[in-house]
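There are 2 protein chains.
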Amino acid sequence: MKLDQCINFLLSSAQNVVFQYFIQKLSPYNVTPAQYGVLNCLWNHGDLTPKQIGELLVLEASSTSGILDRMQKNDLINRSIHPENRRTILVTTTKKADNMRIPFENIVQEMNQHFMNNLTDEEKDLLSKSLMRIIQMNKRENSLD
Amino acid sequence: MKLDQCINFLLSSAQNVVFQYFIQKLSPYNVTPAQYGVLNCLWNHGDLTPKQIGELLVLEASSTSGILDRMQKNDLINRSIHPENRRTILVTTTKKADNMRIPFENIVQEMNQHFMNNLTDEEKDLLSKSLMRIIQMNKRENSLD
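As you go down the protein sequences, you meet chains D and P in turn. Mapping of the first sequence onto the numbering used here: position 117 corresponds to residue 142, and the numbering continues sequentially without gaps. Mapping of the second sequence onto the numbering used here: position 105 corresponds to residue 130, and the numbering continues sequentially without gaps.
These aren't lab readings, by the way, just hints derived from the structure by calculation. Heads up, some of the hints might be wrong.
Said to hold, decoys possible - Mimicking SDA-like on lysine to any residue, the simulated pairs with C-alpha atoms at most 25 Å apart in a straight line are:
# : chain 1 : residue 1 : chain 2 : residue 2
1 : P       : Lys76     : P       : Arg112
2 : P       : Lys149    : D       : Thr57
3 : P       : Lys154    : D       : Leu151
4 : P       : Lys27     : D       : Asp150
Let's have the full structure, built from the sequences with the hints guiding it.
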């Protein structure tokens, strides 16, 4: 079997190429791709619990917690007690993070353009849909646990 | 911008789902996905130098070297001196590794099937091609260094 027939090789290698590119683009802001993912969730959905963030980003609870710790240290998020349920924590973005929103949107748009430049609109759509289907298979499997 | 419009999120999340699945399937053999990648290169191309393996797997030299160290410890590969060039190292698979070739082909085929089950043949082809294009962009950029 050739390597390019293995879905794990294709995804790992492509992910590695894009991830390294994204790390470089975000590094002047001292933000990692995973931290960008958290900020993006909060910008789109408003304040969220750590559990909700983990679900949106398809992350384990322990990974989410580690990412949030480092973000709080770096003054990108705050954790506060949910006003309606004192046992729940709510994550909110800081002003420092919010100032990065527009530059980050530009970086992501430029990155998408860079890597999908050779694809037609139809091909781009199909790539996104195929990847979303794989991501959603995980959610379905976990919900059967 | 929604997360599913970010190529890094799509690839990272899909890769994570497939990678975790592959880790589980390979774990009875005490082999990681990256080590499988090396074995697959050697099975397809015959003996290779560490540099050639790194190029095929799109890995940094230091990563390749660490993977090969662990594989040698686990009796999956041997490193020997190239018969025609004493300054070059050649990597070969062991008998122990070769005995895993057929079970691993079955695992990968089943994994591909599992994750691309919902895609038509045309969609599968396009997914592979789009991912290969992203991978090859990296090779082109590096060769311009």
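Problem - Violated hints, by number in ascending order, as checked against the structure - result: As far as the earlier hints go, only 2 is violated by this structure.
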